[in-house]
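**Student:** Line by line, the protein sequences give chains B and Z. Take the working numbering: the final residue in the first sequence is number 487, and no numbers are missing along the way. Take the working numbering: the final residue in the second sequence is number 288, and no numbers are missing along the way.
Hints listed in this document are in silico derivations from the structure and should not be mistaken for laboratory results. If you're wondering where the values come from, they're calculated on a predicted model, not measured in any experiment. No residue lacks a Cβ here, since even glycine has one placed at the ideal position from N, Cα and C. You may find that some hints are simply not true.
Unchecked claim - Listed next, the stretches of chain B that the computed footprint assigns to chain Z, with coverage defined by at least 3 CB atoms under 8 Å from CB atoms of chain Z:
1. 401-407
2. 421-434
3. 447-457
4. 476-482
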Amino acid sequence: MIVRILGEGRFEVPEADMPAIEQLDAQLTDALDRNDETEFDSTLADLVGQVRHTGVLLPADDLQTSGLVVPHPGSTLSEVRGLLSEES
Amino acid sequence: MSVMKRLSGIVQAKANKALDKAENPADMLDLSYEKQQENLQKVRRALADVATAKKRLELQATELQGQATKLQDQAKQALAQGQEDLARQALTRRAALADQLTDLGTQHSQVEAQQQQLETTATRLSTQIEAFRTKKETLKATYTASKAQASIGEAVSGISESMTDAGMTLDRAQDKISQMQARAGAIDELIDTGALPDALGGGKDDIQAQLDATSQAGQVDSELAALKAQLGAAPAGGALPTASEPAPGTATPDPSGPAGGAPS
Chain B
400 MIVRILGEGR
410 FEVPEADMPA
420 IEQLDAQLTD
430 ALDRNDETEF
440 DSTLADLVGQ
450 VRHTGVLLPA
460 DDLQTSGLVV
470 PHPGSTLSEV
480 RGLLSEES
Chain Z
25 MSVMKRLSGI
35 VQAKANKALD
45 KAENPADMLD
55 LSYEKQQENL
65 QKVRRALADV
75 ATAKKRLELQ
85 ATELQGQATK
95 LQDQAKQALA
105 QGQEDLARQA
115 LTRRAALADQ
125 LTDLGTQHSQ
135 VEAQQQQLET
145 TATRLSTQIE
155 AFRTKKETLK
165 ATYTASKAQA
175 SIGEAVSGIS
185 ESMTDAGMTL
195 DRAQDKISQM
205 QARAGAIDEL
215 IDTGALPDAL
225 GGGKDDIQAQ
235 LDATSQAGQV
245 DSELAALKAQ
255 LGAAPAGGAL
265 PTASEPAPGT
275 ATPDPSGPAG
285 GAPS
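Chain B with its partners taken away, still in its complex shape (with noise of 0.2 Å):
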């Protein structure tokens, strides 16, 4: 799976550790559901130190479409928020 965090670049994951990512993704977005902000924080903060663990940076001249989007890491829940809500 390729997955994206925003302003940093696509990593290629491999699907066995998928699961940790969605694991993470699901916190996150619960996080974000009960406005728990210092749980948001530290959950995103996992959840790019997870992808970038885990996944291999592709280079920038490789034109493949990325699956997930990681939000920029260090984003507040606000912020992230604020992303959202761009949804048609």
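For chain B, the structure is supplied; the task is to place chain Z on it using the hints.
**Tutor:** Just chain Z now, kept in the frame of chain B:
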């Protein structure tokens, strides 16, 4: 739906929208290429803004630091003069400055994070643009073949997604920069209006004025004492006790000793 899936949907939608304007694959390629270059320029401009914001924060920190050091010195001086209230006042102001300095430090690390992210974006964009430029010409030369059309589609989607990311990163950086500029502006204003204590303008420093007044008074006392000593030495008469009489009248309470006590 999860945050990552929703964000992915948003990025794809933005990327597709950017491509809608193109009529045919060849146009798409040219349009993407132009857009990428525009984006790179914007990122570079934002980088310059970030550098300016950082410099400004550093200048403010230096200025506030200087004021804090000065207040610390003033507190010492006041204590040495036995003016504990004045020392307390100086230290209170210094504590307020310390808060501002901590805030500036936080902002500074935020600016640095922005700078780093924008630098990464700029590097990746320029590598990408260079790679895309070569690819674009090859694809255009063969775009009538159906297979080539498919790869044009892929290449363009990929590039459009990266451009969208760069655009979103840029928006975020610009938001941060304007927040920071607003805060820096507020601090400048505080310094200018003197709401922050002791705004560089040495003239309006009340703590310093009190310290100076006290040390002046001290100097007057010792000059007076010296004069008395001279007078007392010359006539060798009983002048000393009488000359010392007006001293309490000048209202300089001197805990070091009763009036008339010549220093030597």
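**Student:** Give a verdict on every hint.
**Tutor:** Evaluated hints:
1. Chain Z is given as covering the stretch 401-407 of chain B, and this holds because 5 residues of the stretch bring a CB closer than 8 Å to a CB of that chain, at least three being needed.
2. Coverage of a stretch by a chain is defined here by at least three residues with a beta carbon nearer than 8 Å to that chain's beta carbons; for the stretch 421-434 of chain B and chain Z the count is 6, and the condition holds.
3. Only residues whose beta carbon comes within less than 8 Å of a beta carbon in chain Z count, and the stretch 447-457 of chain B has 0; fewer than three means the coverage is violated.
4. By the rule of at least three residues with a Cβ nearer than 8 Å to a Cβ of chain Z, the coverage given for the stretch 476-482 of chain B holds, with 3 such residues.
Consistency with the previously given hints fails for number 3 only.
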